[in-house]
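Q: Numbering (mature numbering (1 follows the signal peptide of the UniProt record, and there is no 0)), first residue to last: -21 to -1, 1 to 378.
Treat the hints as calculated values from the structure; they're not laboratory data.
It cannot be assumed that every hint is accurate.
For each label pair, taking beta carbons as the anchor points, the in silico distance ranges come out as [said to hold, decoys possible]:
# : residue 1 : residue 2 : range
1 : D206      : E85       : 38 to 46 angstroms
2 : S40       : E270      : 17 to 25 angstroms
3 : V35       : R223      : 45 to 53 angstroms
Where a beta carbon is used, it is the ideal one built from N, C-alpha and C, also for glycine.
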Amino acid sequence: MATPAVAQVTLLLLSCLAAAAGNDRDALLAFKAGVTLDPTGALRSWSNDTAICRWVGVNCSAAGRVTTLDVGARRLAGTLSPAVADLAHLEVLNLTDNAFTGAIPESLGRLGRLYYLSLCDNAFTGGVPAWLGAMPALMVLRLDTNSLSGRIPPSLANLTTIRQLSLAENLLEGGIPEGLARLPNLQLFNVRRNNLAGEIPPGYFNMSSLQGISLYNNEFHGKLPRDAGTRWPSLVYLYLGGNRLTGPIPASLANATQLQYVDLANNSFTGQVPPEIGNLCPQSLELSNNELTATDAGGWEFLDNLTNCDVLTEIFLDDNKLGGAMPNSITRLSRNLERLSLASNRISGMIPAGIGNLVGLQRLSLASNRISRMIPAGIGNLVGLERLYLDSNLITGWG
């Protein structure tokens, strides 16, 4: 039999647990009260008749405290209640793909255990909160596809545990803080489709932990460092397309040996494509709409190196200044190649007879060049071809 003292302590603990659970219930009901539209009935189970740990989208610890609130893709609309911050043990907050509006509540900064915060694909407004930089456990921060404006706060450089930082598809302006390049564990940095500008700070090319970086469709300008890629041992995704970058493509990018997706399209890169780029063996290589050059005398060597790349599925080289005859190395590219575009260049001569070796091709675009003579019969071997563009050339018929 328990002594009176032990029994008293037990009752006190039970009372505290009950009070804490009550606080969690109140916080969740306040969240529900902020929801003005619930077309799928996702929150129908949120009532006093059901234990909160059995509510849809709610997970609890063994002690009955709410650790996860995940109501992503539930088509909810409304505002995010500041009372969510009263979920003192919350570790995961996922509101992805709903229609929440208004500012991100400052009270969320009190969630010291939160390591996953995803508010993407909503309609939040205001700025990216500076107080986010004081959240000690945050590992994933996803605020993409909202209507957030202003600058990226430098305080985010204090997130030493962060692994994924995505602010894509907002209305952000200014530059990207140099301090973010010193985050020791950052693996993904995504700010695509904003209004960001300025030069890319050199530190971003030295982030050894980085696996993916997307600065796509902004207004960044300047040249890439000559040693870009030498300190990217883990980089898989490089998306710098749709900016105002100039100068040559650094041959040093070939040192980023894990690169699988390279997008430098829609910039103003000049000179020849470095032969070393072909040694990367990417799945996707997008260099369209630049000022890259090639002639019969040189500039096509990178394609020679790509002939050893079996994983290659797409190459986009259209809208450049590539001239001379189409090299025969094209016919030795991967049989897994699905999309090949050389349109709107200065290519002359005939289509190589071995083009039919590329049996995986689904789309081939050679339009708007100076290609002449007959279309080789081997094109008939491309049984999976869905789109073929040969217009605006000097072709005389089928071979």
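Q: Please go over all the hints and tell whether each is borne out by the structure.
A: Hints, verified against the model:
Range check, D206 to E85: Cβ separation about 41 angstroms, and the 38 to 46 angstroms hint holds. For S40 and E270, the hinted distance range of 17 to 25 angstroms is not satisfied, since their beta carbons lie about 58 angstroms from each other. One distance hint, 45 to 53 angstroms for the beta-carbon pair V35 and R223, holds here, with the actual separation near 47 angstroms.
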